[in-house]
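A.B. asks: Here is how the chains run, residue by residue.
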Amino acid sequence: MVSKENIIAWLEEVCDPEIPVLSLKDLGVLRQVDQINGQWIITITPTYSGCPAMKTMEVDIIKKLHEYGIENARVEHVLSPAWTTDWLSDSGRSKLREFGIAPPEDEVDKSVLFADPTIVPCPKCGSRETKMVSQFGSTACKAHYQCLSCQEPYDYFKCLK
Amino acid sequence: MKIDALYNYVLRMGDDSLILGQRLGEWCGHGPILEEDIAVTNISLDLIGQAMSLLDYAGELEGTGKDHDALAFLRFEHEYRNALLLEQPNGDFADTMVRQFLFDAFRKPLYEKLIGSSDAQLSAIAEKSLKETRYHLKHSSEWVIRLGDGTEESHERAQKALDNLWRYTDELFSETQEDESLVLAGIAPSMKEVKAIWLETIKTVFSEATLQIPTNNLKFEGGRKGVHSEHLGYLLADLQYMQRAYPNMKW
Numbered sequence: 001m002v003s004k005e006n007i008i009a010w011l012e013e014v015c016d017p018e019i020p021v022l023s024l025k026d027l028g029v030l031r032q033v034d035q036i037n038g039q040w041i042i043t044i045t046p047t048y049s050g051c052p053a054m055k056t057m058e059v060d061i062i063k064k065l066h067e068y069g070i071e072n073a074r075v076e077h078v079l080s081p082a083w084t085t086d087w088l089s090d091s092g093r094s095k096l097r098e099f100g101i102a103p104p105e106d107e108v109d110k111s112v113l114f115a116d117p118t119i120v121p122c123p124k125c126g127s128r129e130t131k132m133v134s135q136f137g138s139t140a141c142k143a144h145y146q147c148l149s150c151q152e153p154y155d156y157f158k159c160l161k
Numbered sequence: 001m002k003i004d005a006l007y008n009y010v011l012r013m014g015d016d017s018l019i020l021g022q023r024l025g026e027w028c029g030h031g032p033i034l035e036e037d038i039a040v041t042n043i044s045l046d047l048i049g050q051a052m053s054l055l056d057y058a059g060e061l062e063g064t065g066k067d068h069d070a071l072a073f074l075r076f077e078h079e080y081r082n083a084l085l086l087e088q089p090n091g092d093f094a095d096t097m098v099r100q101f102l103f104d105a106f107r108k109p110l111y112e113k114l115i116g117s118s119d120a121q122l123s124a125i126a127e128k129s130l131k132e133t134r135y136h137l138k139h140s141s142e143w144v145i146r147l148g149d150g151t152e153e154s155h156e157r158a159q160k161a162l163d164n165l166w167r168y169t170d171e172l173f174s175e176t177q178e179d180e181s182l183v184l185a186g187i188a189p190s191m192k193e194v195k196a197i198w199l200e201t202i203k204t205v206f207s208e209a210t211l212q213i214p215t216n217n218l219k220f221e222g223g224r225k226g227v228h229s230e231h232l233g234y235l236l237a238d239l240q241y242m243q244r245a246y247p248n249m250k251w
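So the sequences go chain by chain: Z and Y.
The first sequence begins at 1 in this note's numbering and counts up one residue at a time.
The second sequence begins at 1 in this note's numbering and counts up one residue at a time.
In case anyone wonders, no lab produced these hints; they're calculated from the structure.
Wrong hints could be hidden among the right ones.
Subject to a maximum C-alpha distance of 30 Å in a straight line, what follows is the list of computed BS3-like cross-link-like pairs (lysine-lysine) [said to hold, decoys possible]:
# : chain 1 : residue 1 : chain 2 : residue 2
1 : Z       : K124      : Y       : K138
2 : Z       : K63       : Y       : K250
3 : Y       : K160      : Z       : K161
4 : Y       : K203      : Y       : K160
5 : Z       : K161      : Z       : K25
Just the calculated beta-carbon pair ranges, DEER-fashion [to be verified]:
#  : chain 1 : residue 1 : chain 2 : residue 2 : range
6  : Y       : R146      : Z       : P153      : 20 to 28 Å
7  : Z       : D106      : Y       : R146      : 20 to 28 Å
8  : Z       : F99       : Y       : H231      : 41 to 49 Å
9  : Y       : E60       : Z       : Q35       : 47 to 55 Å
10 : Y       : D163      : Z       : E13       : 55 to 63 Å
Note that CB positions come from ideal geometry on N, CA and C, so glycine has one too.
Using the sequences and the hints given, assemble the complete structure.
C.D. replies: Here it is, written out as structure tokens:
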């Protein structure tokens, strides 16, 4: 007899295709697991509306459950409550840093038009002397930064609230 | 009746996002610098993602089983309801950034107000999209200031872009008679309120950018009724080519 806990534990093995050190649970994308009329329904929420990784995650979830012998599963999407970087787990944050991506910092309210860019410490050397190169980076969820101490260019997983 | 009104409302928003998203995608590989190539296509991706949510919902309201793909790829020009502003050609980088800023400054307060909508799905889409739109507005307003208050050449081009695009802005706030039923039902905000916030934002940014808001009263509209400029047909030819040439293809 497969329990909901089994399913959740198996899904911990499914990772973000673009940030392979993060599981969907670390990322906060996995919202709910239910069983209705014998069918498992896995509910996920997108990080960004147009995130192309969502489709891959969906396929990966179904594939992973197949490996454990679950044939009858379906993935559903939910928009509300909207995903925020606060849902990134603490272990997710340290995994990001080890991977070379700076985890989200608490930022000032984005409704302020002329706010200075946030100080994001370098994930390599820890220096706070860094600069934002661009608010938009290699994926929808990241900005592009550079360390002025060790010169390392790096991705910053930007704060979304 | 209210379902029809809501369908049209959501379709208009979805088309605004889709058409501008497609326009921005044209910059892919042509950005003035690598970072902007990436930024503009990121924003395009967010807009197309928002269009997917909005068009899926429009399809659901219409009730004939159309999903976002059917609505994006299989309609004719006169069936699109985007405002004329969004189909205008990219022009130079100033044209693109001024167009983007005029739209972002409109979308942000619209989403803020739609979060309070009595329609749960519209509220959910707004809650999700607002977070992305804040980044878009910050990006476009910074560029408008940099270009306007930059060199003589960039100032001139940004002012020219504003002079050219200004005539299309009024249409963003146009309301139909059936929209009034949505406002009364607490589903949609009054566009007058949205416009007041928009005006405040653009005055602040254009003043910082040393750009003059045009004083002429020339107004162009038609997109909301399906009467488009000649530019939309070419855009759709590009957007729809694969589905038209190979119906129902998937990849």
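A.B. asks: Does each hint fit the structure? Answer for all of them.
C.D. replies: Outcome of the hint check:
1. Z:K124 with Y:K138: holds, 28 Å
2. Z:K63 with Y:K250: Cα-Cα ~20 Å, so holds.
3. Y:K160 with Z:K161: Violated, because 36 Å separates the two Cα atoms, which is more than 30 Å.
4. Y:K203 with Y:K160: holds, 17 Å
5. Z:K161 with Z:K25: With a Cα-Cα distance of about 18 Å, the restraint between Z:K161 and Z:K25 holds, given a limit of 30 Å.
6. Y:R146 with Z:P153: 20 to 28 Å: Given range 20 to 28 Å: holds, Cβ gap about 22 Å.
7. Z:D106 with Y:R146: 20 to 28 Å: holds, 27 Å
8. Z:F99 with Y:H231: 41 to 49 Å: At roughly 44 Å between Cβ atoms, Y:H231 and Z:F99 fall inside 41 to 49 Å, so the hint holds.
9. Y:E60 with Z:Q35: 47 to 55 Å: 25 Å Cβ-Cβ, so the 47 to 55 Å window is violated.
10. Y:D163 with Z:E13: 55 to 63 Å: At roughly 57 Å between Cβ atoms, Z:E13 and Y:D163 fall inside 55 to 63 Å, so the hint holds.
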